[in-house]
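Please work from the sequences and hints to get the whole structure.
Those protein sequence lines, which keep their order, are chains A and B.
Heads up: the first sequence runs through residues 5 to 443, numbered per this note's numbering.
Heads up: the second sequence runs through residues 34 to 279, numbered per this note's numbering.
Don't read these hints as lab results, they were simulated from the structure.
Please note: incorrect hints may appear among the correct ones.
[What the hints assert, rightly or not] Cross-link-like lysine-lysine pairs, in silico, BS3-like; alpha carbons within 27 Å at most:
1) B:K201 <-> B:K156
2) A:K430 <-> B:K227
3) B:K201 <-> A:K430
4) A:K408 <-> A:K379
5) A:K408 <-> A:K366
6) A:K39 <-> A:K53
[What the hints assert, rightly or not] Label pairs and their computed distance ranges (CB to CB):
7) B:D167 <-> A:F73: 54 to 60 Å
8) B:G168 <-> A:A234: 52 to 58 Å
9) B:T222 <-> A:F73: 42 to 48 Å
10) A:T420 <-> B:D155: 54 to 60 Å
11) A:D163 <-> B:D155: 54 to 60 Å
12) B:M51 <-> A:A47: 43 to 49 Å
13) B:M51 <-> A:G32: 53 to 59 Å
14) B:M51 <-> A:A394: 36 to 42 Å
15) A:N156 <-> B:A64: 25 to 31 Å
16) B:T109 <-> A:D54: 47 to 53 Å
17) B:T222 <-> A:P198: 45 to 51 Å
[Claimed, not checked] Just so you have them, the derived chain B footprint on chain A, three or more residues with Cβ under 8 Å:
18) 12–21
19) 183–190
Ideal placement from N, C-alpha and C gives every residue a C-beta, glycine not left out.
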Amino acid sequence: MTDMLTPVLSANWADDRPWKLTNYERLGGYQGLRKALTMEPDAIIGEVKDSGLRGRGGAGFPTGMKWSFVPQDNPNPKYLVVNADESEPGTCKDIPLMMANPHVLVEGVAISSFAIRSNFAFIYVRGEVLHVIRRLQQAVREAYSAGYLGKNILGTGYDLEVVVHAGAGAYICGEETALLDSLEGRRGQPRLRPPFPAVAGLYASPTVVNNVESIASVPGIIAKGASWFASMGTEKSKGHGIFSLSGHVANPGQFEAPMGITLRQLIELAGGMRDGHELKFFTPGGSSTQILTKDSLDMPLDFDSVAAAGSLLGTRALQIFDETTSVVRTTLRWVEFYKHESCGKCTPCREGNWWLVQMLRKFEAGQAQEGDIEKMLDVADNIGGRSFCALADGAVACVTSAVKEFRSEFEAGYHTPAWELFPYGKSALFGAKQAGGHA
Amino acid sequence: MSGHEFQSWFPDSGSVDMADQSSNIDEQTIAELRELAGRYPQARSALLPMLHLVQSVDGRVSPRGIEACADVLGITTAQVTGVATFYTMYKRRPAGRHHVGVCTTALCAVMGGDALIEHVSDKLGIAEGETTADGTFSLERIECNAACDFAPVMMVNWEFMDNMSPEKADQLLDDLAAGKPVSSTRGATLTSWKEAERVLAGFPDGRADEGPAAAGASLVGLNIARERGWAAPDSAPAPATQEEQK
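Structure follows, in structure tokens:
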């Protein structure tokens, strides 16, 4: 039985300047790379497959299997692209990871690139996190100086160039094919798949796109072995993962735990709900995952259990809302996000989210009409599954699940404003007096 | 529901301000744009960083900056403009010396972000998307900035200003207006938005070692694990003490 929390990637976050190369090396840093460079690339892929690591960026696709899809007989260069465009509402794990421990990512990039036979890797990080970008730039520079990147790495003859690339503000670039278009210097709009990036990605060449936490998990897997990693977590969701609690808990924060920890355990670790309040609803993995209620407090937070409950584990971004919160208001604000972030390529998403916002504003103002719930669900049904990428599916997930769990609150939107039913000041952290127009 | 009025689905869209032809781009800037283009297997990949660099020089995406990017990359100004108008970090009017963002995506909005942006807007006397007359501040309603455990969140020059409140915002804005040094809660001493843009373009400013490794919410789980002796199986060697590290 493993401990309730298992800090691995976060273990050094409270140390003195853990972002410095020497401090990272002192804790065994870059031993995974040294070992990897003595292995056959296919053996590294095998080890990652055996570990059971599934993508930490939301979709949960087995990382080793993704790597094995790279056609090695393709004459084009191969590329590794780290998706550090962390933007899914509620998700806030990769940013602190890269801020405090950038070298574990850089080491992971080197090992993963070697495994897929790539000589050029990119870390595509969202632009709105200046200090994280500083730390990444410095870590990459330090790694070059120490011979962990660049030409003839550690004397093995292996070459790898790494570029830290800042985005410019677009949620959609967290979608892997939009990210690739953006990295080619274009508007970030998704591509139709197939072909998948593994076959035709960056510059139409074989490309692996992986989340920060996935790549950062690789050094531990190589240094300590697949079985070490697999000794944590559940049968089908192995290893450690960072769980992010935000919202109405006493102490929001990051908790690195074996996959399968429950929300009840996490809320307890977070000091419980804020004083005198109780859980109303939460997202298990960001705003693109269906909201759940206290019925799911004891559900193991692993890929399959959350899917069985009708939602998705996503990025383990647990946004917690208490009974003061209006579901209608929250849903509106999420859909406003998707409307704003829709890239405009696919009509159902571009137009549909605009209409959902108009409808939800009426629900919020208590001015919706009988039948509007059905109309809204119909609009949602014409958005989800009808666009190139998953942004559209994520947008409607919160709408459909909110209506499913809290239909009566939407019905109240036929006559009563949400801010009367749930005075907004009560949900805010500072006094009701200051909490905005609808307090 | 009223009729289908014609209005932009993307209120932030619109073109680059061609009326303002001023620019500080010189030979040095062109050389740096070329340097950025040279860092990638295919030069056009450098366009986003190049536009960040243009902003660091001109305080916005200027017509001259667009021409310069197009020249360096051998693409049309229309292609560059198409990219510049897609991403929210590219400003088509001069941003302030300090660019203030208030997160009002759902969770931050609920936790107080809605009240906060109203407060900041009143205090600065500008609406979102505007810049103060003296050029000190610009204000933006931002989407989730990946700091939800520190909600409500404000950003200044893309540095974190965590756990914000109206009182803290007042202090922060007063200090910045007075030219006093202000540090990010998880970052460096604030410089300016233009200087930040230069770092984003890929020219480091030597401030990576400023600020903490992590703070507050980021450490909640780790602190509990340390108190209770919880660790991953066969965990890495115990962290060195601060004494040993010096």
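Here is how each hint holds up against the structure:
no.: 1; hint: B:K201 <-> B:K156; verdict: holds (13 Å)
no.: 2; hint: A:K430 <-> B:K227; verdict: violated (38 Å)
no.: 3; hint: B:K201 <-> A:K430; verdict: holds (20 Å)
no.: 4; hint: A:K408 <-> A:K379; verdict: holds (14 Å)
no.: 5; hint: A:K408 <-> A:K366; verdict: holds (19 Å)
no.: 6; hint: A:K39 <-> A:K53; verdict: holds (17 Å)
no.: 7; hint: B:D167 <-> A:F73: 54 to 60 Å; verdict: holds (56 Å)
no.: 8; hint: B:G168 <-> A:A234: 52 to 58 Å; verdict: holds (57 Å)
no.: 9; hint: B:T222 <-> A:F73: 42 to 48 Å; verdict: holds (46 Å)
no.: 10; hint: A:T420 <-> B:D155: 54 to 60 Å; verdict: violated (29 Å)
no.: 11; hint: A:D163 <-> B:D155: 54 to 60 Å; verdict: holds (56 Å)
no.: 12; hint: B:M51 <-> A:A47: 43 to 49 Å; verdict: violated (58 Å)
no.: 13; hint: B:M51 <-> A:G32: 53 to 59 Å; verdict: holds (56 Å)
no.: 14; hint: B:M51 <-> A:A394: 36 to 42 Å; verdict: holds (37 Å)
no.: 15; hint: A:N156 <-> B:A64: 25 to 31 Å; verdict: holds (29 Å)
no.: 16; hint: B:T109 <-> A:D54: 47 to 53 Å; verdict: holds (50 Å)
no.: 17; hint: B:T222 <-> A:P198: 45 to 51 Å; verdict: holds (49 Å)
no.: 18; hint: 12–21; verdict: holds (count 9)
no.: 19; hint: 183–190; verdict: holds (count 5)
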